[in-house]
Amino acid sequence: MSANSPETGPEYVSKVDRRSALAWIGVVGAAVAGGAGVVVYGPQMGGQKVTRGYGTDPKLVKPEKAPWSRIMIPAQLQTAAILADFILPASGAAPSASALGVPDFVDEWVSAPYPDQLKDRPIVLTGLNTLAPKVLKTSAADRAKALDALRHSTDPATQKFWKRFRRLTIGAYYTTPEGFKDVGYIGNVPRGSDPGPSPEVKSAVEAQLKTLNL
Amino acid sequence: MATDTYDAIIVGSGAGGGMSAYHLTKSGLKVLMLEAGRNYDPRVETPMFNTNAEAPLRGASTPDKPFGFYDATVDGGWQVPNEPYTVAEGSEPFTWWRPRMLGGRTNHWGRIALRFGPLDFKPKSRDGLGYDWPITYDDMAPWYDKTEKLIGVSGAAPARGLLNTPDSPPGCLMESAPPRAFEMFYERGFKAMGIPVIPMHGAVVTGQMEGRNTCLFATPCGRGCAIGANFQSTTVLIPPAMATGNLTLRTDALVYQIDLDKAGRAKGVSFVDRKTGEHHSVAAKSVILAAGSGETARILLNSKSASFPDGLCNTHGMVGRYLMDTVGLGVTGQFPALEGLPPTNDDGQGTEHTYVPWWGYEKQKELGFPRGYHIEIGGGRRMPSMGMGGLLHDDDLSVGDDLRANLRQKFGSTIGFNGRGEMIPNDDCYCELDPTAKDKWGIPVLRFHWKWGDSETSQAAHMVKTFLEVIDKLGGTPQGKIETDGKKAISKGGEMIHEIGTARMGHNDADSVVNQYGQSWAVPNLFVMDGAVMVSSPDKNPTLSILALAWRSADNLVTLSKQGAL
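These protein sequence lines map, in sequence, to chains G and P. Residues in the first sequence are numbered consecutively from 1, following the working numbering. Residues in the second sequence are numbered consecutively from 1, following the working numbering.
Hints are supplied without guarantee of correctness; some may be wrong.
Stated by the list, open to error - Capping the alpha-carbon separation at 30 Å, the derived lysine-lysine pairs in DSS-like fashion look like this:
#1 G/K119 <-> P/K465
#2 P/K488 <-> G/K202
#3 P/K488 <-> G/K119
#4 P/K488 <-> P/K473
By construction, these hints were calculated from the structure, which means they are not laboratory data.
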C-alpha cells in the first residue's frame with residue numbers, strides 16, 4: 001500500500017467477552033452482542049440509557065460491570081484505539097494499549113455519571129471527533145502527521161485533550177497485569193514474611209545517598 | 001430481642017463499641033449491640049488481591065466511594081445517603097466521614113496505633129493551653145499494654161526514651177517489617193536535620209500471634225483484611241464477643257434517643273430501622289454510647305425531656321463542645337536518587353514501617369507554635385492506579401518506548417510527607433442540632449461550627465517548611481503547587497477523620513459530660529465509650545486510645561454491675 005492511499009487498518013474490536021456483553025444487555029436493556037465479542041452500545045440501538053452509578057455498596061470481591069450505558073459511537077472508539085496505540089503501541093512482549101482494551105475503558109470513563117468523568121466527557125469526545133477525520137480512512141502518512149500534530153499542538157483545547165487522553169491511557173494500561181510487568185511492579189502476591197529490600201537495592205540506595213553526602 | 005434481660009445496650013460497633021462489647025460479654029454481662037449500618041463480614045467481603053483493572057473506573061475515587069472503589073466503607077464517606085449534616089454559615093469548612101457497616105471506621109482505618117504520652121494528658125499544666133484530662137498516662141499505661149497485646153501491634157524496638165513518645169514494655173509489640181528502600185532513603189535526610197525516624201506502631205500482626213493470622217505483606221489495609229491480620233472490630237472484637245453467647249447484635253438500627261425512667265435513669269434507647277422505617281424501643285440496665293463523637297453528641301442532644309430540655313447531660317451546655325480533629329497536610333517530592341532502582345516488592349505491611357515522631361517538645365517557644373506533629377510517610381513501588389500518569393512532568397510528551405522507559409524510570413521515585421498534628425480545643429469548634437434540617441426519618445441532624453486557631457495554622461506552615469527542607473536535602477523536587485501559608489495549606493475540619501471530644505471527661509459536671517470512666521454525671525447508668533470523651537487531641541492518631549479507654553471504662557462498668565450499682 002502506498003503512503004498516500006487510504007488505509008483503514010485493522011478495526012478495533014471491543015475487548016469485551018461474551019458473558020460480559022450479555023450481562024450488559026441485561027443491565028442496559030438495549031445493547032446487542034453483534035458477533036464474537038463485539039458490542040454495539042445502547043445509544044446506537046435507541047434503547048433506554050442507564051445513567052446511574054454503582055452506588056454506595058457495590059460488590060467488591062467480584063465487581064460487577066459498571067452499570068451505566070456506554071456513549072461512544074464506533075468512530076470515536078476507532079479513533080480512541082488509534083490514539084491509544086500511538087501513545088502505547090506494542091513493544092516486544094508488551095501488548096499495545098488497544099490489545100488491553102484501553103478504548104473500552106475510555107468509553108467506560110467518559111460515559112460514567114460522576115463529576116470527574118462528566119468533566120472529562122466533552123474534552124475527550126470533542127477531541128476524538130476532531131481527530132477522527134484526520135486518522136480514520138486516511139493514509140498512514142497523514143495519520144502519523146495528524147497524531148504528531150496533536151501531540152505538539154499549542155492550541156489550549158487540543159493540548160487539554162491530548163494530556164487528558166494520554167493520562168487515561170497510561171492509567172488504564174498500567175493498572176493491568178501486563179502494565180505491572182512492563183513497569184516493574186512485582187507485588188500483590190502473598191508472602192510469609194517481608195524480608196525488606198535486597199542487598200542489590202540497598203547498595204543502589206546507599207550509592208545514591210553517598211552522592212548526596214547523606 | 002428480649003427487652004428486659006440486657007445488662008447493657010451498646011450503640012455502635014467500631015473501636016469503642018467493639019471493645020466494650022468484647023470486655024462486657026467476656027465478663028458475663030448480657031449485651032445488645034445496635035449498629036446503624038448493615039452487617040458486614042470482612043472474611044468474605046474483602047477484595048484482598050483484586051487489581052484496579054477489575055474495578056469500575058480502575059478503582060478511581062467517586063462520590064459513591066470517595067477513597068476508591070475497594071475502600072472498606074459501606075454506604076458512606078463524606079456523605080451518607082438520607083442522613084445529611086450541615087455546616088453553620090460563617091464557619092470554616094467541616095466535613096464528616098461516616099460509614100454504615102458493622103465495625104464502623106475500624107474496617108478502613110489507617111492502622112496507626114500510637115500511644116498518647118504523659119504530656120498529652122496534662123497539656124494545660126505544661127503550657128497553659130487547652131485542658132487537662134482527669135487521668136494520667138500512668139492510669140492508661142496498663143490499658144495500652146493490654147490493648148496492644150489483644151489487637152496485635154507491630155513496632156517493637158529497643159526503648160529509646162524519647163520525650164512524650166512512649167516505648168511499649170517488652171512483650172506488647174511485634175517487630176515491624178524492615179524499612180523499604182524509600183524508608184531507608186528518607187531516614188538519612190531527616191537524620192541530617194537532627195530529626196529521629198523510628199518504627200511505626202501499626203495494628204498489623206507481623207509475627208506469630210496466638211489465634212491470629214500473620215500479615216501477607218501484600219494488600220492495602222484500607223480494603224480491610226479477609227484473614228484478620230490487622231485490627232478491625234469485625235475480625236478481632238465482635239467474633240469473640242459473639243462466641244460468648246452473651247452478645248445480641250442488631251444492624252440497621254439507627255439510635256436517636258436515650259429513654260429515661262421516672263427516676264431519671266436510662267431505661268433503654270429508641271431507634272429507627274433503616275430498612276423498614278419502623279421505630280423501636282429496647283430496654284437494658286445500662287446504656288453505652290459509642291456511636292462516634294458526632295453521632296454520640298447527636299443522640300444526647302436529641303434526648304430531650306422536662307429535666308433536660310436542651311438534651312441529655314447538657315445542663316451546662318457541654319455536649320457537642322470542644323470538638324477537635326487532627327491538623328493535616330501533605331507535600332510530595334520526586335527523587336532522582338530513587339529512579340531506576342532494581343525491581344523490589346514495596347507492598348509492605350499495610351502501615352508505614354517507620355515514621356517521624358514529634359521532635360520539638362523542648363523547642364516550642366522558639367518554633368512559635370505550642371504543639372507538635374508527627375510525620376507519616378508513604379512511597380515505594382505500589383500497585384499502579386489511575387494516578388500513574390502523574391509520575392511524569394506535565395510537559396512530558398513522550399510516547400511509545402520513550403514513555404514506557406520514562407515510567408519505568410520514575411516508578412517508585414516519589415515520597416509523600418504527611419503531617420499529623422495536635423489541635424488545641426477552642427470555643428469556635430462545636431456541633432449542635434440544626435434548628436430545621438432533619439434526616440429521612442425526621443430526626444434533627446447536626447450542624448457543625450469550625451475555626452482553626454493560630455496554634456494549628458502556624459503548625460501547618462511549619463510542616464510545609466520541614467517537608468520542603470527534607471525534600472531538598474534528599475535532592476528531590478516538590479510536586480504540584482506548594483502552599484506555604486498555613487491558613488490555606490491546613491486540612492478542612494474533620495478531614496483527618498479524627499473528630500473527637502464532644503462529651504469530654506472531667507472532674508465534675510460543670511466542666512465535663514462524663515467522669516474518667518465515661519460515666520455520665522447526669523445519668524449514672526449512661527456511659528460514653530468512644531472518642532467523644534477525649535479532652536485533648538494529641539498528634540497521635542486516636543484509635544488506640546479510644547480502644548484502651550473503652551476497655552478501662554467497660555471494666556469499671558463490670559465492677560459497678562457486680563456491686564449492683566446499675
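Now for the hints, and whether the structure bears them out:
Under the criterion of a C-alpha separation no larger than 30 Å, the hint pairing G/K119 with P/K465 is inconsistent with the structure, at around 34 Å. Note on P/K488 and G/K202: the hinted pairing is violated, with a Cα-Cα distance of about 39 Å set against a maximum of 30 Å. Distance restraint check for P/K488 and G/K119: the Cα-Cα separation of roughly 25 Å lies within the 30 Å cut-off, and the hinted pair is therefore satisfied. Between P/K488 and P/K473 the alpha-carbon distance is near 25 Å, which keeps this suggested pair within the 30 Å criterion.
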